[in-house]
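Residue numbers (our numbering), protein chains in the order written: chain F, 8 to 293; chain X, 8 to 293; chain C, 8 to 293; chain U, 8 to 293; chain L, 8 to 293; chain D, 8 to 293.
Among the hints, erroneous ones may be present.
Said to hold, decoys possible - Restricting the straight-line Cα-Cα distance to at most 30 Å, the calculated cross-link-like pairs of lysine-lysine (DSS-like) are:
id, chain 1, residue 1, chain 2, residue 2
1, C, 194, X, 136
2, F, 139, F, 85
3, L, 85, F, 136
4, C, 85, C, 139
Said to hold, decoys possible - Calculated Cβ distances over 10 Å to all of chain U for the following chain D residues:
id, residue
5, 53
6, 78
7, 82
8, 141
9, 169
10, 179
11, 188
12, 203
13, 212
14, 218
15, 252
16, 271
Unchecked claim - Cβ pair distances, simulated, as ranges:
id, chain 1, residue 1, chain 2, residue 2, range
17, C, 137, X, 194, 15 to 25 Å
18, F, 22, D, 47, 21 to 31 Å
19, X, 236, F, 58, 38 to 48 Å
20, F, 59, X, 21, 45 to 55 Å
21, F, 57, C, 11, 51 to 61 Å
22, U, 47, X, 187, 32 to 42 Å
23, C, 259, U, 232, 27 to 37 Å
24, U, 94, X, 198, 37 to 47 Å
25, C, 22, X, 21, 45 to 55 Å
It should be emphasised that the hints constitute simulated quantities derived from the structure, not laboratory data. Keep in mind the model is a prediction, meaning the values are calculated, not measured. The beta-carbon is built from N, C-alpha and C at its ideal position, and this holds for glycine as well.
Number of protein chains: 6
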Amino acid sequence: MTALIPPLPDLLWEPIIRAGLAEDFGTGGDATSQAVIRPGQRLRAVFRARHEGVVAGMSGVRLAFTLLDPSINVTILKEDGCRIAPRDILAEVEGCAQTVLGGERTALNLLSHLSGIATATRQVVDAVKGTKARICCTRKTLPGLRAVQKYAVRAGGGSNHRYRLDDAILIKDNHIALCGGVVSALKAARQRAGHLMAVALEVDTLDQLEMALSCNVANVYLLDNMAPEMLRRAVSMVDGRALTEASGGITPETAPAIAASGVDVLSLGWLTHSVTALDIGLDIDL
Amino acid sequence: MTALIPPLPDLLWEPIIRAGLAEDFGTGGDATSQAVIRPGQRLRAVFRARHEGVVAGMSGVRLAFTLLDPSINVTILKEDGCRIAPRDILAEVEGCAQTVLGGERTALNLLSHLSGIATATRQVVDAVKGTKARICCTRKTLPGLRAVQKYAVRAGGGSNHRYRLDDAILIKDNHIALCGGVVSALKAARQRAGHLMAVALEVDTLDQLEMALSCNVANVYLLDNMAPEMLRRAVSMVDGRALTEASGGITPETAPAIAASGVDVLSLGWLTHSVTALDIGLDIDL
Amino acid sequence: MTALIPPLPDLLWEPIIRAGLAEDFGTGGDATSQAVIRPGQRLRAVFRARHEGVVAGMSGVRLAFTLLDPSINVTILKEDGCRIAPRDILAEVEGCAQTVLGGERTALNLLSHLSGIATATRQVVDAVKGTKARICCTRKTLPGLRAVQKYAVRAGGGSNHRYRLDDAILIKDNHIALCGGVVSALKAARQRAGHLMAVALEVDTLDQLEMALSCNVANVYLLDNMAPEMLRRAVSMVDGRALTEASGGITPETAPAIAASGVDVLSLGWLTHSVTALDIGLDIDL
Amino acid sequence: MTALIPPLPDLLWEPIIRAGLAEDFGTGGDATSQAVIRPGQRLRAVFRARHEGVVAGMSGVRLAFTLLDPSINVTILKEDGCRIAPRDILAEVEGCAQTVLGGERTALNLLSHLSGIATATRQVVDAVKGTKARICCTRKTLPGLRAVQKYAVRAGGGSNHRYRLDDAILIKDNHIALCGGVVSALKAARQRAGHLMAVALEVDTLDQLEMALSCNVANVYLLDNMAPEMLRRAVSMVDGRALTEASGGITPETAPAIAASGVDVLSLGWLTHSVTALDIGLDIDL
Amino acid sequence: MTALIPPLPDLLWEPIIRAGLAEDFGTGGDATSQAVIRPGQRLRAVFRARHEGVVAGMSGVRLAFTLLDPSINVTILKEDGCRIAPRDILAEVEGCAQTVLGGERTALNLLSHLSGIATATRQVVDAVKGTKARICCTRKTLPGLRAVQKYAVRAGGGSNHRYRLDDAILIKDNHIALCGGVVSALKAARQRAGHLMAVALEVDTLDQLEMALSCNVANVYLLDNMAPEMLRRAVSMVDGRALTEASGGITPETAPAIAASGVDVLSLGWLTHSVTALDIGLDIDL
Amino acid sequence: MTALIPPLPDLLWEPIIRAGLAEDFGTGGDATSQAVIRPGQRLRAVFRARHEGVVAGMSGVRLAFTLLDPSINVTILKEDGCRIAPRDILAEVEGCAQTVLGGERTALNLLSHLSGIATATRQVVDAVKGTKARICCTRKTLPGLRAVQKYAVRAGGGSNHRYRLDDAILIKDNHIALCGGVVSALKAARQRAGHLMAVALEVDTLDQLEMALSCNVANVYLLDNMAPEMLRRAVSMVDGRALTEASGGITPETAPAIAASGVDVLSLGWLTHSVTALDIGLDIDL
């Protein structure tokens, strides 16, 4: 089976899964399984969707079991990026019953969260179909989870904004104020940024945009909290000399009108900071 | 100022904040601040609520700045557990401008998330006021964040379920099936559990409950997905010999009726797995 | 071979073994083996008991070699929890001679220590056979080793007390003094403890016990430093309404009389803090 | 106050104390203190000896509190290496009551263990007073604790053997067998060892010793399990050309006769692997 | 004193210095100081240049001492980026003699290495003065040291290339071959790269460059191993539509001619992979 | 194939390779491969020498790929310690193209650096062939890399000095000054050093050497910055009663004359602190 989206190496999943398992096993391990399940007992279980959506996080599911016991069998049936329907089986896991139940919650917690992100992303991506607009997340992620949350956005058909503070320049109102104006901020940015580093500028008004355009420095203009009509005028002013990005309270409902304004990118913080987990369960075969 | 809720030691916050800062600083640090802000420049900024709610995560806010630069001044004005209104100032931070802007996103990401949990919890706690029911979270937390997510539930007036697999026995349908029935599962649990370890049993039907009650082993009966009337009958059957806990799709809207059934505990997974971040911003004083 | 006791996942053993190996290999590795043994040379060796006892720590033995070289063959012949006699072979290890000798000390250090704990525990468990009393360890463990020391107690037939400060309430004299008395401490505990969290109270006198019993809050009474006769009276006062636990200087010699008092639990700190290592050696097959 | 023995930097204590605190605080922190102690309440407590001995581990005691809360006051009254009598106060700690009680067990667990090692070492050192023999520990330490266990031996007036496998060559029977004899092992060792690396050889018989002496390579002869008379003959054979070390089941009772044989070093594994914790308590000032 | 270049937060220096100190202190700490220096003895010492150059790494120097003992006094006299002459004093350190000598090697090892990088960079930067060319490092860094090596290049007046594989697209010959040609590689890159991510293309010939220019996708053309005359033609072909970068065996001697070709960037791997340490010593004030 | 030099266990390589990969993959992974290479595409590539030298670091090469993907095939053709000629193939790697290209830089960065050390060492070792002198490195290593840098010296035919501050005593001028003279420093060292710990003394003059020889304590005399003739006189004064070591600015050119003086050891800091990377490339088979 070919991956639908380029995978992240296990190297990036493993510390997250280890953290989840360590939080769950604590000092004594799974007291319930130890008490009521025979050590030798085996079990087969399936991850089953209870809601439609897009799946993300299957590497984490696999590791939640194999880090507990390398001899367990995990079969992935729905790769990250797949659309899934209720009752679809996403993966099977077969092995020592104590291991299957021991890894269950860690696997489900991450899978449901990341699939929730992928599902929400896909919803907005679908909403703007037919426009050229990309759907993009932000740096509003949870500590320790940025790599996998950003990956889940890609699994949902979205695109990523900056990964960190060091991979692009993004000049906001505070920077402008501290630096003494848009022009001096842009000049400083261009001069000191690495030659492979893009410069983005956040603007609130068309006047600001006009002044910035005259500098011819920014690669991207982040048009903050503008209505579709104003976005349209901004896009027209930029006229292909740079990319345009709309941001500020965009929802699946407002996305189509915003995308229709001709902006290149819509960025939405809630894709990663206020996501609803996708409902997925582990059903035991008995 | 006295803490409203017992604090967690920094020991538990620090690795989370370090992870967030490391994700944001990467290899090169904050390229924008480096490019457009003078190293010596100082800044004062305030964390301001944009929405009403309950605050949680102030230790994380403080550490997001002091781990970057111990000489920075952070003043907490709203302790964890406080109800806040839009425009309330939650904290002030004053120091080197590059540090203030460098720690901003890590601080806001965690604060907004945990305050979102505290706010949601408080909403449900308020909804069941007048009943004896406690509002409780589950183990449906995000990897690496369990300690602070559970703490945020307490900040919202809620209570915590198991922290891990090792601190209480919770027998679910799968365990019963694997162990050969409710009675043998309960006996095995009581015999092998530590003497300070509670035993909880999840039941789906009143018949199961009746059988379990005859064993007189469980300290808590988790009544899964029962309607209020059925819960009322279950509470009456248990008759104070153990605690009763309702779970399964409980919302702020359904909580009052469920609590009115007389159960001791309502447990809600979404408090930690599907939380909406509380909208809080960092405003610069210029 | 079926495990005699529920195993701990390798996840909990691995950091301990890595620490031990790192302490031993340092910067340059095993200078002696490097100097006097040919890289290609193979070796077979057996772990052999030099004293009777109970074995614990075999997962650690396996990892001490496989973390150095995954291709090494380790065969466990005596599972954790087995009683062993002098000259019994506990495990065989076969592979590259440098690896066998490189992992030897790490393996033996942990195995001898944990088997010492299991052996001491078994001695006390056997001493109270015929009573209902469980033998229990405390939180008097060594930093970094709590999970495996508590596991070794289980391997010896014992039971575990609290794992940590967060999984049960244990009110001691200092808490009572700070809280203003037994009654207010118990009330505060019951109100604020999680619903799955047991409340234990340490009492020194029967008067304290009487006052505490009137509150009907504690799940366990820890009867500290009481003579058997006084324990008998305490047990009779509690009369099955809670569990009773004796503690304070209990030895294999005094345990039978204490257990005969009818208490449910005997807890002994020295099982983990002052254990004599079990004498086990690695014999080379040449 | 001048340290009695050269201190270890906190760098080596800190991970051990962090591990101990993490094991104790888990996910939820100190449930008992949270439930029954007001957050603002302050407390003063003293570490008091309940038994005579030698103290070791005071840096760990200090860190057990300051890592929880840097504002706590810890005053060390008995430095590592001090002889202490029952009821002696070793240290005072004053600060937030939740912190004092939260760090108590981590502090006591390490302090009692290391002071137990220092006390046992001092007992043997005193037993051989008047001879030139040093008392030495081995690599039979617990994983993660080697640096502090070896330090405790120094605090008790003892000396350290190898720290690791990489700082000296120690040729044992297995090495000799694998290398094809004492002579070839010694030659290989001398040729391949670093020029600052000592070579020690374990011998069981005087014949072996004689053969080894003819090579004139070893800096130290480890005389294993020899009776005092045989040791005396070995010392006479070596005649100052190398150091001599006695090992194998040495106790405080047998040490004087062994030391009287004229050997330079007595090495004892049980100083670190089978130590009895020194009884020390934390008394609250109320 | 104002920093000459934007500093890196201690967060990025600390793990490196901890690693260095841990490697040096091992299990037993500084045996020499422990043996020959009184614990109470104090010392003042200065870091003194023995060669001219540019300094980088002063945060590391400070941490090498303060991580051992927070009470030590470290005064930085030459900030990172300063040009220094032989016998210049770079920093003073005053405190416990065992700490000063204990941190010496860790401090010097990092300082000499990073100052070597800064010095080499400055040499090339000076060599191309008068042209517009920037001097740039590559990803040819040592594991664990990338952040500080890249920082040292900035301290020497240079600029940084990609920090990692995730912050820009760099298409090399292997990618082109695997993707089926320059055009399809560029199209795939533009389509799938984040909107803030630059696309660079490595070309070996002017034909390749011409084909690439027709796609109008790449932001940077990396002109590999071209002689100055060929570079001049390439620059002229690109004609300001993208940035041009020369790479391949550039030395301080060849840099001026290459820079004179009009390229925007010269990138040199040896600045970080084959650097000569700057000779700096620690002189004790006695 | 038998290893030419005793290997280091993967335990010591793994954290270094993980650090390198983490620095390269960052948050998003390899953006270029994700954009332009099909996930299913496979690749075969060879590590090929572009310069003659001695290879070191093959375990790191293997881990750079297998830590990304355990199913990749890595075949080592030239073991550490081998002399290699330009165009020699050192290793083959075959597997998923994204993995091969993803691990490339981490593998090459470490391999080139360590092979540079081995090559430089071998050059000096060869230069002194025919004398008894060993070539030795120092503690002038890079933080986090000491174990592998010292290993690379051994791969080049060299020998290691102290690994750390705790494995031998090395008395320098500062220690002598602080201790009140050579004689008191030597006496303190002998008395307090472990019995397996060598004592080395650095001397600048023959007078110092004479005074030191009269104490008969040092095992090694480090003759600092002496010309060959003076070294010859020093060797003659020591006359086999201890080892002699020359240090201070030794190059491949000056080494033969210094070695001819009869010293036992030449130590050279630049072998690890100022090494030129060996030119090795990864060639793709297409």
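*Which numbered hints does this structure break?*
3, 8, 9, 12, 15, 16, 19, 20, 21, 22, 25
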